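> Take the sequences, apply the hints, and build the full model.
Number of protein chains: 2
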Amino acid sequence: MVSTMKLVLLSALLLFSLQSVLSVAQLRFQHPLDPLTKEEITLVQTIVQRKYPTSNNRLSFHYIGLDDPEKDAILKWESIKPTITTVPRKALAIAIINSQTHQILIQLQAKTILSYNIHKGNGWGAIGPCTIGGAGQGGLKGFSIDDPRLLSWSRQFMEEKDGKSSSMISPVGSDFSAFVKVVCSPFTLGWFGEAQSRRTVRVECFMKESSPNIWVRPISGLTIVVDLELMKIVEYHDGGIIPVPTADNTEYRLSHQKPPFRPKQHSLATHQPDGPGFQISGHSVSWANWKFHIGFDPRAGLVISLASIYDLEKHKPRRVLYKGYISELFVPYQDPTDDFYYKTFFDAGEFGFGISTVSLVPNRDCPSNGTPLLIANAVCVFEQYGSILWRHTETGIPNESFAETRTEVNLVVRTIVTVGNYDNIIDWEFKTSGSIKPAIALSGMLEIKGVDIKHKNEIKSDQHGTLVSANSIGVYHDHFYIYHLDLDIDGVYNSFEKTSLKTVRVTDGSSKRKSYWTTESETAESENDAKIRIGNPAHPLLTDDDYPQIRGAFTNFNVWVTPYNRTEKWAGGLYVDHSHGDDTLAVWTIKNRDIKNKDIVLWHVVGIHHVPAQEDFPIMPLLTTAFELRPTNFFERNPVLKTPSPKDVHWPGCPN
Amino acid sequence: MVSTMKLVLLSALLLFSLQSVLSVAQLRFQHPLDPLTKEEITLVQTIVQRKYPTSNNRLSFHYIGLDDPEKDAILKWESIKPTITTVPRKALAIAIINSQTHQILIQLQAKTILSYNIHKGNGWGAIGPCTIGGAGQGGLKGFSIDDPRLLSWSRQFMEEKDGKSSSMISPVGSDFSAFVKVVCSPFTLGWFGEAQSRRTVRVECFMKESSPNIWVRPISGLTIVVDLELMKIVEYHDGGIIPVPTADNTEYRLSHQKPPFRPKQHSLATHQPDGPGFQISGHSVSWANWKFHIGFDPRAGLVISLASIYDLEKHKPRRVLYKGYISELFVPYQDPTDDFYYKTFFDAGEFGFGISTVSLVPNRDCPSNGTPLLIANAVCVFEQYGSILWRHTETGIPNESFAETRTEVNLVVRTIVTVGNYDNIIDWEFKTSGSIKPAIALSGMLEIKGVDIKHKNEIKSDQHGTLVSANSIGVYHDHFYIYHLDLDIDGVYNSFEKTSLKTVRVTDGSSKRKSYWTTESETAESENDAKIRIGNPAHPLLTDDDYPQIRGAFTNFNVWVTPYNRTEKWAGGLYVDHSHGDDTLAVWTIKNRDIKNKDIVLWHVVGIHHVPAQEDFPIMPLLTTAFELRPTNFFERNPVLKTPSPKDVHWPGCPN
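These protein sequences, in sequence, are chains A and B.
Just so we're aligned, residue 239 is where the first sequence starts under the numbering used here, counting upward by one.
Just so we're aligned, residue 239 is where the second sequence starts under the numbering used here, counting upward by one.
Hints may contain errors.
Cut-off 25 Å, straight-line C-alpha distance, at most; resulting in silico cross-link-like pairs (BS3-like, lysine-lysine) [claimed, not checked]:
(1) Lys740(A) to Lys694(B)
(2) Lys750(B) to Lys698(A)
(3) Lys750(B) to Lys470(A)
(4) Lys496(B) to Lys694(A)
(5) Lys692(B) to Lys880(A)
(6) Lys694(B) to Lys736(A)
(7) Lys880(A) to Lys552(B)
(8) Lys496(A) to Lys880(B)
(9) Lys552(B) to Lys496(A)
(10) Lys502(B) to Lys740(A)
(11) Lys289(A) to Lys349(A)
(12) Lys502(B) to Lys552(A)
(13) Lys502(B) to Lys675(A)
(14) Lys529(A) to Lys502(B)
(15) Lys885(A) to Lys694(B)
(16) Lys880(B) to Lys502(A)
(17) Lys694(A) to Lys554(B)
(18) Lys554(B) to Lys502(A)
(19) Lys698(A) to Lys736(B)
(20) Lys496(A) to Lys554(B)
(21) Lys554(A) to Lys750(B)
(22) Lys769(A) to Lys740(A)
(23) Lys552(A) to Lys496(B)
(24) Lys807(B) to Lys698(A)
(25) Lys694(B) to Lys836(A)
What the hints contain is simulated information worked out from the structure, not anything from laboratory work.
Because the structure is a prediction, the values reported are computed rather than measured.
Rendered as structure tokens:
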């Protein structure tokens, strides 16, 4: 049962198409939290360009998104659903104009600039898809390609052919972009103590001959640093020839594989004779006892807002989540050598989680009852068999044995963000029992370092990774995701209660037991009370004084609680590229603000320490992590006691 | 697509029907690891009864199961598949005969007793369903019901009616079994330092008027201890009247609920046009690249044996698991007071996980494409959409953007074990990528302690639990499951390699980084090297010297590795009822035996610290925990690289 629906979400991808449409006929949004429409984005660009004509200004946009409406206005709008004009519609643009970062707030209805700010501190906005594309387009298009060092790049790449012979590949003349066997990609450089950082990226090149799996075929040992403002190579160093890993066994497209294809999996589809159980109106989703809004931001990607659950006992919907999204993803590699030391990526802030959202493949990335969104299939929403809701078989009552068991169906909202080699599968699962269960799964390719080692027994020193194939080290690294969870549970003012278990010794002979555990609950008064480190999920292993860790200090704890602040959206800072870590969650909370009975935001860090394995090559089976926000003494009792199982499906022509 | 199959598994339930069939025509098993057939169990009973006629002996069976065949014999049988007679078929019976525990080994083909052993140490076998039933049958049938203390039991139970008035209920005359408003159940007593323990149980009674949810309506404050050998009440104490929690809001059967029923869930079924992808022959399952055997034991319940995965590169199946099952489940309650201190249950050893396996409800406990086994529906096997197998969207190669993504289908083997109030949903999930992922989910009812407290604000002292409803404390407790995992990876001789991550500081200026992490691997030489405590899953909070913890000492670590020993099957000991903890995994490993390059067994403890919540009342939404045995540098590369997605399902009459 495939049902389709239309949801225009991926307007973010239009961000960089500079059109000059001056008048916008209609602002077609239905909810004040809907992402900017194509027309709105164009309007923002036009307004900025009118002020800074590109004829005599260098101008690039690094963010155009909905400026968060005031929470009060949204809650008021939600409660009375008046005309849309009651909530002013504003856009935030971040643009680099003549090498300065401008932060521009625009009133969309009035088509006016409301405020204007030039960023003087450290850090830059996301490098943006044009830059990424620029470096990727046939080499280094967009950069000054007549750099003498690049012209003299007669470096030779050794490559294994058929496991024995090696061939030499040279760049072809001075036209780097004609050198089709190589693909280059820009990587953010981070910060390592320098007082001031220019807007630079390091460019890494990969072989693309014989296999589309560029990520596992790095040309190691070469340092190319490009200044994005100058569009020039500002550092170049050839560290010597390191074999490029072979293309053998790196192909992963089915169309290019030889049989046998195994193991065979039988077809399996979800059949919903009455259609899906959810309804989508604009960006608002209703399903079972849940209602929520799906937003989209070029930096955050998917945003879940205004989630409420209907309470059958209280006869009303109860708000639990004002807004939830992944605020940052920190991926530090664990190799201190020149090829990898700088790889300490902040995928949301440096590359953009929204910008990097990819189209979902129907029936593959989502089950056949998923409903991919028509424009670019960025989000799918589907119901899923979720095992058992609750059950009991009663055998304790004489002559009255019975079993009562209910089937669980969950709703999943899925999006996939591919930042270069890695594919992040991001799920938000809603359960009728009141839980929200965000999950992350990782696939794609490892980052590979080329080495002159073919077999494990040749390894003499720490290679900072696993030899996953000949000449290929899968480098150790972490993935730390931080969720911004603006929980508003039954209203805006909430407190954070931390319950821990403690052992009590019985020493007074009052029991035959010598010990038991009990709980100790404490309501956090201020931010420091709410900083919690949990053993698992992963916590960081870098030293606190190391530069990447200063920048990624939001990983120091797995749980943080802050008072709501409209400007505190990005745990790694607003301007992350080359940031110095002076605008992170860790810095904000130094103030140790009051959080008791306030409008508070919960931040949760989940992570994976990734020690690559051979099975991750040439492409990784899923690695997953998840957490559950579970109602605890929120409902008076089990909220799905009166939830019947879905009707059984009877197949036409089959006995029931 | 519902396909049916026949698998006779639940012969364990026939254990206690004492028939005197002397000649057994055929032993209908197909694999030497198949559980005992009905005929074989009857044969065992007959042989023992011939030696000890019930006319002049008191005889009860506490275990009749397949005696583990020698591993050598099984592996030889597997490799050459000769006639079944090459593996001697033996049964192990544990019977209490005239108050002594007898362990009797029987050769089934020859119908002879091979060995005989009277247990002189501490502990008793599982109390068994007849005892449980005996105490449950209309009160205390089977016990001496003319005990004067019971006759004088004129205690009155206060019960809330409609939230205001209270009614008094008294036992009716001297016939306890006629007192239909009460159900009593035996609870194992554990051990609290006494030198010798008689075979006693404590009997707890529950109201069954107005609601079938007996578990949340305990009659607290009453101590009844029954000696199961004397069949007499040996201890009786009435601690005073404590209100029995109201029946209001405790009903959970849909047929007894009043509308509205919400939230509504739409029908959802799995459609497999080509039928299921697995085949079952006897007790052997083949699916995708996996083969394994499903066994069943009255004590362990489901047993997975001889699991192997086909390696496409090596062109052969590779054995990974010789045998896996849940060896014990330790459930210590955390209330030191008289009503609860003794509740430190070992559900497998004291009650029997196999004996307590319940019938699965088709379409509820398993999805509609599950295949319940015909006798008692004890096990279902089904395929399940498992999200994405692996994926990548390539955007880094100019003009060659593509997405390659494969759908994951997993196989689940499910059984449910209900021990009194709790329902344990036990899944073994197999993945084509080589993982085995055992999962546990908990539902059923909390154990409730009646208290004279109606509202949270009346709580003045530690109640050792959560007030989940008026007069009802859901008592704090743990669930510690220990898995016996006899992994034989590519053969019998294996080693255990422990890999830990450690931070390395860079102090020599060789990198701009100040730190990184790397791995440190160590092959465990002996048992002590392999004892690992992981923060999460849960580890115990009782003190080491507390009696329940001495008995449940196998929870001291989350990982243990022992050399294979046919007799070391039960982590809490063979005779667990009233055990003194002298036959546990913790004791066996004191010898610190060599485990390097040996036939080794991995034991894994997963646990849940359960702090009850209002939402767990009157019946609990699922609490889950799981772990994954994931191949790591076992395959040369991603083993599902050449696994196509299952064919898309096209719906008749719908456009493709």
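> Against the 25 Å threshold, does the CA-CA distance of lysine 552(B) and lysine 496(A) hold or violate the hint?
Distance ~16 Å between lysine 552(B) and lysine 496(A) Cα, so the pair holds.
> Please verify whether lysine 698(A) and lysine 736(B) have alpha carbons no more than 25 Å apart.
holds (20 Å)
> Holds or violated: lysine 885(A) and lysine 694(B), Cα atoms, limit 25 Å.
violated (39 Å)
> Holds or violated: lysine 554(A) with lysine 750(B), Cα cutoff 25 Å?
Distance ~57 Å between lysine 554(A) and lysine 750(B) Cα, so the pair is violated.
> Is lysine 694(A) close enough to lysine 554(B), meaning Cα to Cα at most 25 Å?
Judged against 25 Å, a Cα distance of about 24 Å means the pair holds.
> Given the hint that lysine 502(B) pairs with lysine 552(A), test it: the Cα-Cα distance must not exceed 25 Å.
holds (17 Å)
> Taking only the CA atoms, is the gap from lysine 694(B) to lysine 736(A) under or equal to 25 Å?
Between lysine 694(B) and lysine 736(A) the Cα gap is close to 18 Å, so the pair holds against 25 Å.
> Are the Cα atoms of lysine 694(B) and lysine 836(A) separated by 25 Å or less?
holds (23 Å)
> Is the Cα-Cα distance between lysine 880(A) and lysine 552(B) 25 Å or less?
Violated: lysine 880(A) and lysine 552(B) sit about 53 Å apart, past 25 Å.
> Given the hinted pair lysine 496(B) and lysine 694(A), is their Cα-Cα distance within 25 Å?
Given pair lysine 496(B), lysine 694(A) is violated - Cα atoms ~67 Å apart, limit 25 Å.
> Given the hinted pair lysine 496(A) and lysine 880(B), is their alpha-carbon gap at most 25 Å?
Judged against 25 Å, a Cα distance of about 8 Å means the pair holds.
> Checking one constraint from the list: CA of lysine 769(A) to CA of lysine 740(A), max 25 Å. Satisfied?
Distance of about 19 Å is within 25 Å: holds.
When each numbered hint is compared with the structure, violations occur for hints 4, 7, 10, 15, 21 and 24.
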